[in-house]
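Asker: The primary structure of each chain is shown beneath.
There are 4 protein chains.
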Amino acid sequence: MRKKISFSSDYTRGAHPRILERLSETNFEQIDGYGTDEYCKSAADKIKEICACPEGDVFFLVGGTQTNQTIIDMLLKPYEGVVAAKTGHIAAHEAGAIEFSGHKVLTIGNYGQEKDTLRFGDNIGKISASELDRFIAGFYDDANHEHMVFPGAVYISHPTEYGTLYTRKELSDISAVCRKYGVPLFLDGARLGYGLMSKRSDVDIRDIAELVDVFYIGGTKVGALFGEAVVFPRGVRLSHPVPVIKQHGALLAKGWILGLMFDTLFTDNLYFDISKNAIEMADLLREGLKNKGYELFIDSPTNQQFIVVTDEKLKELDKNIRYGFWEKKDAEHTVIRLATDWATKKEDIDELMKYL
Amino acid sequence: MRKKISFSSDYTRGAHPRILERLSETNFEQIDGYGTDEYCKSAADKIKEICACPEGDVFFLVGGTQTNQTIIDMLLKPYEGVVAAKTGHIAAHEAGAIEFSGHKVLTIGNYGQEKDTLRFGDNIGKISASELDRFIAGFYDDANHEHMVFPGAVYISHPTEYGTLYTRKELSDISAVCRKYGVPLFLDGARLGYGLMSKRSDVDIRDIAELVDVFYIGGTKVGALFGEAVVFPRGVRLSHPVPVIKQHGALLAKGWILGLMFDTLFTDNLYFDISKNAIEMADLLREGLKNKGYELFIDSPTNQQFIVVTDEKLKELDKNIRYGFWEKKDAEHTVIRLATDWATKKEDIDELMKYL
Amino acid sequence: MRKKISFSSDYTRGAHPRILERLSETNFEQIDGYGTDEYCKSAADKIKEICACPEGDVFFLVGGTQTNQTIIDMLLKPYEGVVAAKTGHIAAHEAGAIEFSGHKVLTIGNYGQEKDTLRFGDNIGKISASELDRFIAGFYDDANHEHMVFPGAVYISHPTEYGTLYTRKELSDISAVCRKYGVPLFLDGARLGYGLMSKRSDVDIRDIAELVDVFYIGGTKVGALFGEAVVFPRGVRLSHPVPVIKQHGALLAKGWILGLMFDTLFTDNLYFDISKNAIEMADLLREGLKNKGYELFIDSPTNQQFIVVTDEKLKELDKNIRYGFWEKKDAEHTVIRLATDWATKKEDIDELMKYL
Amino acid sequence: MRKKISFSSDYTRGAHPRILERLSETNFEQIDGYGTDEYCKSAADKIKEICACPEGDVFFLVGGTQTNQTIIDMLLKPYEGVVAAKTGHIAAHEAGAIEFSGHKVLTIGNYGQEKDTLRFGDNIGKISASELDRFIAGFYDDANHEHMVFPGAVYISHPTEYGTLYTRKELSDISAVCRKYGVPLFLDGARLGYGLMSKRSDVDIRDIAELVDVFYIGGTKVGALFGEAVVFPRGVRLSHPVPVIKQHGALLAKGWILGLMFDTLFTDNLYFDISKNAIEMADLLREGLKNKGYELFIDSPTNQQFIVVTDEKLKELDKNIRYGFWEKKDAEHTVIRLATDWATKKEDIDELMKYL
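Those protein sequence lines, which keep their order, are chains A, B, C and D.
Its first residue numbered 1, the first sequence is counted upward by one per residue in this note's numbering.
Its first residue numbered 1001, the second sequence is counted upward by one per residue in this note's numbering.
Its first residue numbered 2001, the third sequence is counted upward by one per residue in this note's numbering.
Its first residue numbered 3001, the fourth sequence is counted upward by one per residue in this note's numbering.
Don't take every hint at face value.
Stated by the list, open to error - Chain C stretches covered by chain D per the calculated footprint, using a threshold of three residues with CB under 8 Å from any CB of chain D:
(1) 2026-2037
(2) 2058-2065
(3) 2096-2106
(4) 2235-2247
(5) 2251-2263
(6) 2267-2275
What the hints assert, rightly or not - One side only, chain C facing chain D, incomplete, derived with CB under 10 Å:
(7) K2003
(8) R2013
(9) N2068
(10) K2221
(11) F2226
(12) L2317
(13) N2320
No lab work stands behind these hints, which were simulated from the structure alone.
Values in this document were obtained by computation on a predicted structure and should not be read as measured data.
Think of the CB as a built atom: it goes at the ideal place given N, C-alpha and C, for glycine as much as any other residue.
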C-alpha cells in the first residue's frame, strides 16, 4: 500500500543526511560519555559564537518535555512556580511534568483572550508584557502573597504552539518586566529555527541570547534525530547542573551523539538553511491555500498552518494525505494543522495542493 | 594524535552498523510519533515472541536511569519504597533520581557483606532471597511498620554493577519471596545480553520473563545508539502508562527510532550474537590476564573484568590505553575495570595484552 | 491599650470552653498516640452516626491545607490532577501545596464567570455540574489526552471561600457527573457548620455523606483549637492511610487531643449549636448593613459578609474595629470581609454597628 | 476498669497545667493568625535570649516529622541529600517523609557499628565526626560524584532515639566537619530538654545554638500539648520560609497557640525545671532497675531507659503496667522501653518498682 504523504507534524522524519553520515563516520570512535566529549564542546562553542555569548553555558538534552521540566526545576526555588500562557506546552500538553517535579504552572491569558477573541488573532499563544507586569505586580500587592505561589520564572515559546511569533519589541518588553522583578525568562525554542527564518520576524538568535536567561534550540523538529541544545547565555547559576539533569533521567550516556548532531547543524549554516526551507514551503502552502479559498484559522508566519475545512472535505482528504487534527470548529467544520519541515519538498506541496 | 584504545566502558561506540543502515533506509519515511508506529509494534512482537509472553507489554525508553525511575514510579504506591542492594545502581549512582520522584530506596546488604567479605566474592552486587525474606518479614513484624516505608518492589540488576550473575535457582528463590509477599520484582537489564550469553550462566530470557514482573533489555550498552526495551511479561498494571512516561520526560517524540533499533537487534538473533562477541572477548581477556599473573578483583563471568594493578603499572598503562578507574585498593594498588562490548575485536584484546 | 474588636476572620479565638474543660479533665490521663485511642474512636463513632455512614472511615488532621494536600494525594494516581474552581483554596491560597506533592490543580471557571460577571453573584466560588461535565468529557474527547493531566478527583468547598453555598440539587448534579466518570468528589468543609446551619441551605450533613466520596468537618474555624475531621463515608480505599498521613507530616503524636475536641463538638449537638450562633450573628449583621445602606459585595448566606466601603470610611473604621481586607474595588472603594464565628455575641454586633 | 500506669512513651499526657491555664485566660482574645502575633514574638524573644542568638530566627511548628521534613527541605538544594545515622528518626521512622519531599537520606553507621557491636554501647544512635568526615571526603574524592547525591546537610538527634547524648567535644567536632565542607548541621531536639538536664551532659543550649545551624526545641514530649520551636541561631537563609512551611501543610492557622505554649515554657525556667523532673525520675528508675538486677540494654543518661526482660516476666508486667516494646532480643528475652516525662511522679516510679 502506498504510504500517504504526511503534513501532520514536523517530527515525522529522521535527520538531515549529513547527520547520518557523521554518525556513520564516527561510529567506531571511542568517545567519553555524559556530554564530556569533544563533539559536545565543539557544538557548544559554535552555538556560543553564533549567539555571541562567550560566557554562556550550553548543554544538550534529549526532548522537549524533558528539557522544559529540567530547566524549570533548575530555575525555581521550592516556593516558586513558573508563569506561562494558558496555551503553553508546559501548561497544557506535558502530562503534568512540571507539577510532577513539585512546581505550579501559573497561567495567564494570551493576547487572543485579552481581545475577547479566544482563538483567532496573530497573537494567539503569546503572553503580553503588560499582562505579565500586572500579574507579578498583583502578586506582590496581594496582602496574602506568602500563602500563594511566587512567580519564579517566566516561560514563553517562540514560535508558540500555534506557530505565532514575538516581535523584537514584544520580547524586549517581556524581558524588561522579568528583569524589573528579578524573574528569569525561559524561551522554549522547540521550533526555534522556523521562528528565526520566518520572513515576518525581526528577531535573530542574538536578540534571544541577549533578552532571555535560558532558551533552547530545538533539534527534534529541525533536522536532528532528536535533541535540544540548552543555552544559558550568561551561564547557568546552579553550581551542579549535572546531578539535576541525571535526577530527571535526562543525562544521555552517549551524550556525544547529541554533540555531534548539533555540531553538524551548526556547521556551514545548516540549521538556518534547513529551517528556511520549511518556511519557504509553508509560504508556498499558504499561498496555495489562499488561492483555493481556504479559511486560515490563524495567520501563522511559521511552518505550521491551520485551516478550516468542511467535514465532508475532510473525509476526502483522509484518503490521500495525513494532517494534524486540531479541533472541531462547529458541527460541520474542523480545524486541521498542516506542518512543513526541514525536509519538505516543492513536489510535496504540489501533491498536497492537488488533493486540497 | 593517535586515539588510545579504550576499555573504560561498554558505551563508548555508536551502534551496530545494521542499525545505522536501517536509520538511513527509513530516514525519509514519515512515521507516527510517541511509539505508536509499526516499527515499535514489530520490535515489541519479536521481543514478546522471544520471551514467550504473548500477553506482555513492551515499550521503549531512552536510558537506564530514566527507565529505572519511570518503572519504579509505576510500581510503587506513595507509601512504598523499592528494595535494592546497597551497591545497586539506583541506590548509588543515579543522583537521587528515585527519591526525586518521591520514593525511598530501601537497601539491604549483598552476599559479599553477609560473608563479611565486603568486596570480593562471586556474589558481590547481588541480593539473596533469604536476606530479602528476612527484611520483608522483619518489616511486617515491626509493631511500628506503619511509620516506616513499605517494601513495595524489589530491584535487582543482572548482570550486576560488578558483572556478577544470578543463577536460575537464585532468581527463582528471589521471585518466590516476592510472590509470597505480593511485591513486584524488577530486573535492570542494562547489560542483559552480556549476562544471557555468559558461558557460566544457566538463565535464559524466558526464565527472566517467567520469574520477574518487569525487566528491561539494555540497548545503550549492547549495540544500539541508545535505548532500553521495557518488558512487562504479564502486562503493565497501570491503566495509563503513557502520561506517566511523559511526566518523567521519557516519551521520545520520534519513538520509532527506538522501535527500529530494537527491531533490528531482535532480527536474526543479532542482539544475542553481538552480546556473545563481548563475552568471547572478555573470556580471551581474562585468560590473558591470568596468564600474565594479574589478580582478578572479582571473578566476573560477563563483559566487565576487574583487576588489581600497581600504581606504577597504571602510569605506564595510561600512556597506551584507557580503562575505568574503579577504586584505590591500598596505598600502592588500584582496582581498574576493563570492559569489552559488542564491537570489541580480537585485535583489540591483542593490543591491550601488549600493554598489560 | 484597649484591643479593637475583630471581625477579620473566624479563627481569631481559642476553643469552646467545654473543650478546654475536657482538656483539663483528661490532662493527666495516659493515652495512646497517633489517633489509636478511645477518644478518637468515640468521636469517629459519633460522626459516623450523625452522617449515617456506619461503614465509613473517620480520622483527624490538624489544619486545612494539610488536610487538602493529604486527602488529594490519597485520591490521585500519579498521572491525575484535581479539578477545582479557579477561586478554590487549593488553587489560589495554599502556596502550591498540591503541586508540592506532585499533582496539578485543573481549574475551571465558576458560575460568576460563566455569566460574564466575574465577581458578583450568588454562585461565586462554586463550580457547575454542566461545566464540570463539559470539562471531563472534553478531556476524554481530546485525541491528545494521554499527553495531558487526567481529571482524577473533583474538589469543591462548601461554604466556598466567598461564603456561598451549593443547593442540594447542585451538589447532587455534581455528584452524578463525578460518578458518571468514576472520579471521586472531595468536599472541603473548613466552615462546614456555617454552611449546614445557614437558613438559606437545603443541604444537611447526611446529604453530603451520601453525595461525596470524602469531606471534612472543619474544627479550626468552628469551635476547636484546631483540627479537621476527615470522613470517607464509604471507607477509605487506600490500604494504608497512616504512612501517607505520616509522610505528609500530618500524623499528630497526641492524636487524642483531636479526638477529644471532636468528641466534645459532636456531643449534645454542640457543633451545630455554635455554628448556628455564627449564622444568627451574621444575619443580624447583614440586616444592620442593609439598614445602614451598605452595598453587599456578595449576598452570602453564611458567616462571612462582604461589603463595599469608601476608603474614607475605612480610615475611620480602622480606629475602632478590625476587618478582613478583601480587595480594592476601584480608586475610592474597598471590599472588606466581616466574619462572625461560634463565639460572636449580640453585643459585638451592636458595637460593630455603632462604628459602621 | 482501672487504667494501667504507662511508661510506654513521653507523649501520653496533655500539657503542663500552666499552659492550660493560659489557654483559658486568653481563650476569647482575638489574635492574629499564622504566627504573626505577639505571643509568638514574645516566645521567640525569650528563646533567642536564652540561646544568646539575638540575630536568630525562631518559628513554631506542630510536630516532629513535619518539622524534620520542612527544615530539611529548606536546607537542601534539589541535588542534595541529608546525612544521618542509620538509626536516625528521619531514616527509619518517618514513613519516607524526606523522600516524599524529593531528598535522599544518606545513612552512615553509628558508633556502635564502628565498634562492631551493633546495638549496645553508650554511643548508639550517634554519628561520629571522623566517620562523617570520611563520608563527605569520600564523596568528593569519588570521580563519579556528580552521579551521586551530594551531602547537603547533616542531621543529628540529641538525645538520640536511644536516649544517648553527644558530649560538647563530639558536637564541636561534628560542627567543625560541617563547617569545613560548608554543610549545614541540623539538630533534632524533640527531647532536647531531657538531654540538657541530664546529669551526665556537658552541653547547654547556648552550645547548641553556637555549634549547629538549625535545631528545634521539642514541646510535644516536654510539657506542651504539641509543638516544636525551630531556631536558626544565625537566621534562616531562605528568603521566604512562610510559603515553604505552608506548602508542607505545616502553617497552623492559630499559630498563637504555639507561641503561647512556648512563651509559657520559657517563662520562669519552666521548660528546664520540668525536663529536670523527668531526668530525676529516670535516675530513680535506673537505680531501682539496677538494684533489682535488671540488665540495662543501653546505659541511657536521659529519660528513656531500655531493659532486657524475660518473656515470662513480660506477661506478668502486661497485667499491671504499660511499656514500650522495643525489640525481641532472643527467643526468650525482649527489650522494652520505660520512659519518664515532665509529669512523672515519685509515686509512679514506686508503683512501677512494685511490679518489676
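Asker: So, for every hint listed, does it hold in this structure?
Answerer: Cross-check of the supplied hints:
1. 2026-2037: Since three or more residues must qualify, the claim that chain D covers the segment 2026-2037 of chain C holds, with 8 doing so at under 8 Å.
2. 2058-2065: holds (count 4)
3. 2096-2106: holds (count 4)
4. 2235-2247: holds (count 5)
5. 2251-2263: holds (count 5)
6. 2267-2275: Result for this restraint: violated, n = 0.
7. K2003: This interface hint holds because 7 Å falls under the 10 Å limit.
8. R2013: Because about 6 Å separates R2013 of chain C from the closest Cβ in chain D, which is inside the 10 Å limit, the hint holds.
9. N2068: This hint holds: N2068 of chain C lies near chain D, its Cβ roughly 8 Å from the closest one there, short of 10 Å.
10. K2221: Given a least distance of 8 Å, the restraint on K2221 of chain C holds.
11. F2226: holds (6 Å)
12. L2317: Check failed: Cβ of L2317 of chain C comes no nearer than 16 Å to chain D, outside 10 Å.
13. N2320: Nearest chain D Cβ about 14 Å off; hint violated.
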